[in-house]
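Q: Listed here are the chains, written in short residue letters.
Protein chains: 2
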Amino acid sequence: MDIKQYIREITHNAKQASRKLAVSNADTKNTVLRQMSEHIIECAGVLKAANSEDLEAGRSAGLSGAMLDRLELTDRRIEGMAESLRSIAALKDPVGGVIDGWTLPNGLQLRKVRVPLGVVCIIYESRPDVTADAAALCLKSGNAVILRGGKEAIRSNMAIYRLLRNCLENSELPAACVQLIETIDRTAVPPLLTAEDSVDVVIPRGGKGLIKKVMETATVPVVKHYDGVCHTYVDAGCNIDTALKICENAKCQRPGTCNAMETLLVSEEIAGQFLPKACKLFVKRGVELRGCSRTLEILPDVKKAEPSDWRTEYLDMILSVRVVRDVGEAIEHINAYGSGHSDAIVTGNLANAENFQAGVDSAAVYVNSSTRFTDGGQFGLGAEIGISTNKLHARGPMALEELTTYKWLINGNGQVRD
Amino acid sequence: MDIKQYIREITHNAKQASRKLAVSNADTKNTVLRQMSEHIIECAGVLKAANSEDLEAGRSAGLSGAMLDRLELTDRRIEGMAESLRSIAALKDPVGGVIDGWTLPNGLQLRKVRVPLGVVCIIYESRPDVTADAAALCLKSGNAVILRGGKEAIRSNMAIYRLLRNCLENSELPAACVQLIETIDRTAVPPLLTAEDSVDVVIPRGGKGLIKKVMETATVPVVKHYDGVCHTYVDAGCNIDTALKICENAKCQRPGTCNAMETLLVSEEIAGQFLPKACKLFVKRGVELRGCSRTLEILPDVKKAEPSDWRTEYLDMILSVRVVRDVGEAIEHINAYGSGHSDAIVTGNLANAENFQAGVDSAAVYVNSSTRFTDGGQFGLGAEIGISTNKLHARGPMALEELTTYKWLINGNGQVRD
Numbered sequence: 001m002d003i004k005q006y007i008r009e010i011t012h013n014a015k016q017a018s019r020k021l022a023v024s025n026a027d028t029k030n031t032v033l034r035q036m037s038e039h040i041i042e043c044a045g046v047l048k049a050a051n052s053e054d055l056e057a058g059r060s061a062g063l064s065g066a067m068l069d070r071l072e073l074t075d076r077r078i079e080g081m082a083e084s085l086r087s088i089a090a091l092k093d094p095v096g097g098v099i100d101g102w103t104l105p106n107g108l109q110l111r112k113v114r115v116p117l118g119v120v121c122i123i124y125e126s127r128p129d130v131t132a133d134a135a136a137l138c139l140k141s142g143n144a145v146i147l148r149g150g151k152e153a154i155r156s157n158m159a160i161y162r163l164l165r166n167c168l169e170n171s172e173l174p175a176a177c178v179q180l181i182e183t184i185d186r187t188a189v190p191p192l193l194t195a196e197d198s199v200d201v202v203i204p205r206g207g208k209g210l211i212k213k214v215m216e217t218a219t220v221p222v223v224k225h226y227d228g229v230c231h232t233y234v235d236a237g238c239n240i241d242t243a244l245k246i247c248e249n250a251k252c253q254r255p256g257t258c259n260a261m262e263t264l265l266v267s268e269e270i271a272g273q274f275l276p277k278a279c280k281l282f283v284k285r286g287v288e289l290r291g292c293s294r295t296l297e298i299l300p301d302v303k304k305a306e307p308s309d310w311r312t313e314y315l316d317m318i319l320s321v322r323v324v325r326d327v328g329e330a331i332e333h334i335n336a337y338g339s340g341h342s343d344a345i346v347t348g349n350l351a352n353a354e355n356f357q358a359g360v361d362s363a364a365v366y367v368n369s370s371t372r373f374t375d376g377g378q379f380g381l382g383a384e385i386g387i388s389t390n391k392l393h394a395r396g397p398m399a400l401e402e403l404t405t406y407k408w409l410i411n412g413n414g415q416v417r418d
Numbered sequence: 001m002d003i004k005q006y007i008r009e010i011t012h013n014a015k016q017a018s019r020k021l022a023v024s025n026a027d028t029k030n031t032v033l034r035q036m037s038e039h040i041i042e043c044a045g046v047l048k049a050a051n052s053e054d055l056e057a058g059r060s061a062g063l064s065g066a067m068l069d070r071l072e073l074t075d076r077r078i079e080g081m082a083e084s085l086r087s088i089a090a091l092k093d094p095v096g097g098v099i100d101g102w103t104l105p106n107g108l109q110l111r112k113v114r115v116p117l118g119v120v121c122i123i124y125e126s127r128p129d130v131t132a133d134a135a136a137l138c139l140k141s142g143n144a145v146i147l148r149g150g151k152e153a154i155r156s157n158m159a160i161y162r163l164l165r166n167c168l169e170n171s172e173l174p175a176a177c178v179q180l181i182e183t184i185d186r187t188a189v190p191p192l193l194t195a196e197d198s199v200d201v202v203i204p205r206g207g208k209g210l211i212k213k214v215m216e217t218a219t220v221p222v223v224k225h226y227d228g229v230c231h232t233y234v235d236a237g238c239n240i241d242t243a244l245k246i247c248e249n250a251k252c253q254r255p256g257t258c259n260a261m262e263t264l265l266v267s268e269e270i271a272g273q274f275l276p277k278a279c280k281l282f283v284k285r286g287v288e289l290r291g292c293s294r295t296l297e298i299l300p301d302v303k304k305a306e307p308s309d310w311r312t313e314y315l316d317m318i319l320s321v322r323v324v325r326d327v328g329e330a331i332e333h334i335n336a337y338g339s340g341h342s343d344a345i346v347t348g349n350l351a352n353a354e355n356f357q358a359g360v361d362s363a364a365v366y367v368n369s370s371t372r373f374t375d376g377g378q379f380g381l382g383a384e385i386g387i388s389t390n391k392l393h394a395r396g397p398m399a400l401e402e403l404t405t406y407k408w409l410i411n412g413n414g415q416v417r418d
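As they're listed, the protein sequences go chains A and B.
The numbers in our numbering rise by one with no breaks, and the one at position 158 of the first sequence is 158.
The numbers in our numbering rise by one with no breaks, and the one at position 197 of the second sequence is 197.
By construction, these hints were calculated from the structure, which means they are not laboratory data.
A hint or two may mislead.
Repeated chains share a single entry, so a pair holds when one copy, or any two copies, can fit it.
Unchecked claim - With a Cα cut of at most 27 angstroms, we get these calculated DSSO-like pairs of lysine-lysine:
# : residue 1 : residue 2
1 : 48        : 92
2 : 303       : 284
3 : 112       : 245
4 : 224       : 280
Please read these numbers as outputs of a predicted model, since none were measured by experiment.
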């Protein structure tokens with residue numbers, strides 16, 4: 001098979017399908033989503049059989065325990081996939097929403113109306129449940145989707161895809177609304193990323209290496225879901241118990257997520273009081289600390305942080321710690337070393353809270369709460385396709401509305417321009 | 001001078017300046033904009049002297065009359081620049097606008113607030129008045145701007161830039177809020193387009209070649225202002241006089257603009273009646289027609305259209321004409337050959353109007369009016385930096401709001417995630 005020709009067919013079929021899908025109503029889309037959900041439960045055995053082949057291949061290839069865990073489709077995860085499709089079906093359809101509208105002096109009536117993006121390409125790594133979830137979010141928002149999963153999960157992804165496709169083939173919607181790249185050949189990716197005529201956006205989900213590669217190759221617009229080097233700044237005069245509770249939650253509640261804290265910043269005024277307590281807590285929780293030289297003056301047993309630590313997303317029970325002069329230096333540190341994801345201040349000082357929220361250039365800026373809340377579900381936006389670290393189009397949780405664009409509809413009765 | 005080092009300094013300074021500018025209030029920005037406007041009028045002589053050098057060099061280099069015209073800074077154009085700055089100062093500041101907000105069940109208060117993008121890089125071709133206009137729109141929306149103009153206008157651009165810079169140097173704002181690349185060396189562009197750490201968006205304005213090159217090189221997000229292959233579809237049973245008036249305006253009122261009609265589509269039911277009248281009108285106005293074979297059956301003297309005509313943005317008194325079966329075939333033609341800019345239907349049929357607006361995948365879709373209205377000023381959005389043919393972030397007129405992003409501000413009193 002000529003791989004370029006294969007991708008050309010996929011992208012062409014997606015564009016054709018997207019035209020029909022864009023004008024399909026919510027009932028039609030939701031019916032298919034509910035059928036997909038049921039079909040996944042019915043065919044759990046088929047999914048597990050395909051998945052066990054992936055797991056076996058993964059073990060032979062020497063995948064780490066963590067990767068094998070991400071790859072595995074347990075009964076609970078299969079039920080989770082089905083439940084996720086049902087809940088996406090129950091969400092409000094974003095398509096057709098009137099964002100704004102007015103009548104011009106010449107009588108022209110303008111409406112700015114939400115419409116699907118068209119064709120969305122999602123490139124992701126090992127977790128096979130992304131296949132169902134991403135397909136459902138795109139379908140719900142009226143977008144045809146092209147899925148490119150990781151090679152470790154190819155058998156699981158293909159099994160899930162066949163189920164979704166079966167449901168589409170028995171529906172009013174074109175089957176090509178959802179397509180999976182059914183090869184692990186790497187040469188399939190560049191033609192996808194440069195198919196400007198057919199693909200409207202590429203969303204890479206995965207490690208930094210994957211995202212960097214996509215950005216370098218793509219001419220199609222990219223909404224990136226980059227890393228989260230998230231900070232909590234503990235300000236002078238704040239409530240120490242609140243600060244400890246927020247820092248513990250931000251670091252330990254689920255350290256492998258992008259909104260977990262990676263760096264703790266502490267005001268020099270409160271460091272002598274706060275850091276010994278924080279250190280005791282973190283050591284008890286099994287967190288390794290890496291401190292700046294001023295941290296080490298207070299906590300001499302802590303390991304010294306390397307310059308690279310300030311830019312590192314550990315995704316693990318490790319925390320870098322720096323003593324700063326004040327909120328101004330905290331903001332400078334975050335803007336210099338952070339990734340623009342989620343950052344928090346713990347303070348009782350109104351001006352410092354306001355300066356922090358104004359000055360920190362991140363998607364989500366918190367006062368007196370844990371950074372762990374940056375999530376479409378937690379924000380009340382419904383299911384999300386990821387957390388965008390883009391500034392354009394979508395910033396922070398990317399839910400159904402962020403999978404749409406708008407068009408201007410203008411109705412007149414013969415108006416021409418002077 | 002090491003050009004990479006030069007660009008690194010420019011982008012670094014822009015990022016630093018953007019931090020201060022982002023938190024400057026509207027009064028501060030508007031004061032500088034009004035000073036810039038006055039300073040342009042005071043220094044009109046300096047601008048014209050620099051411009052005459054560009055014009056002389058352009059004539060020696062054999063630039064076309066149209067290009068020399070675009071390059072020239074007349075008194076009227078200088079007044080226009082100054083007036084444009086004054087009117088931008090008078091517009092509402094988009095920064096700080098609360099787009100949405102609510103309180104979560106756990107008491108966290110969320111606000112989605114409009115903030116500047118950060119650093120905007122604008123790459124443009126011959127017209128020097130873009131220098132002042134683009135700088136003012138970016139400043140007003142709180143963005144530091146890096147300007148890269150065409151080599152033909154370098155002396156004019158530098159003269160305008162020095163005036164703007166003088167005003168910034170005498171203000172509370174950092175001078176590096178506005179920077180111009182002061183070299184025509186082409187190797188300056190790639191490092192700008194890949195400065196992901198400092199540049200938040202690149203906006204190319206100019207010909208297709210420029211935009212294609214930017215898209216290929218950039219790793220920074222691009223909001224493209226591509227071509228406008230705009231259509232008017234004349235439906236069966238419509239009011240012929242209205243159709244003639246709309247078509248004449250869309251083609252002839254200013255044919256060199258991106259929202260002018262390039263292709264006329266006519267229903268086969270009305271073609272025999274409409275086309276002879278349209279042809280008479282267009283020939284009188286000096287428009288060259290290029291028709292499909294069915295058009296030629298009705299208008300045997302018209303030149304035959306080549307396949308490439310359907311994709312061509314003439315920007316000139318040329319019009320391609322095609323007879324189509326019905327509104328469905330018109331939509332298919334537009335989605336296949338158009339550029340997603342502005343398209344219109346002239347009809348009296350409600351279902352056809354609705355199908356056309358739903359089915360045409362363009363930034364602006366008109367019923368019974370001229371496509372020439374696609375413009376920030378005409379839409380009532382204020383001054384625009386261009387017309388985006390992106391689907392992401394900004395679609396259609398890109399005004400002040402589209403030069404901003406948002407961030408989530410979350411205020412709590414100790415909330416942590418379960």
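Q: As a check of your reading, is residue 303 near residue 284 (CA-CA no more than 27 angstroms) within one copy, between copies, both or neither?
A: Within one copy only: 16 angstroms inside a chain, 84 angstroms across chains, cut-off 27 angstroms.
Q: For residue 112 and residue 245, with the copy left unspecified, which applies at a CA distance of at most 27 angstroms: within, between, both, or neither?
A: Between copies, since 26 angstroms is at most 27 angstroms while 44 angstroms is not.
Q: From the Cα coordinates, with 27 angstroms as the cut-off, is the pair residue 224 and residue 280 best called within, between, both, or neither?
A: neither (37 angstroms within a copy, 53 angstroms between copies)
Q: How would you classify residue 48 and residue 92 at a CA-CA limit of 27 angstroms: within, between, both, or neither?
A: Intra 32 angstroms, inter 58 angstroms, cutoff 27 angstroms: neither.
In the structure shown, a violation is registered for the earlier hints numbered 1, 4, in ascending order.
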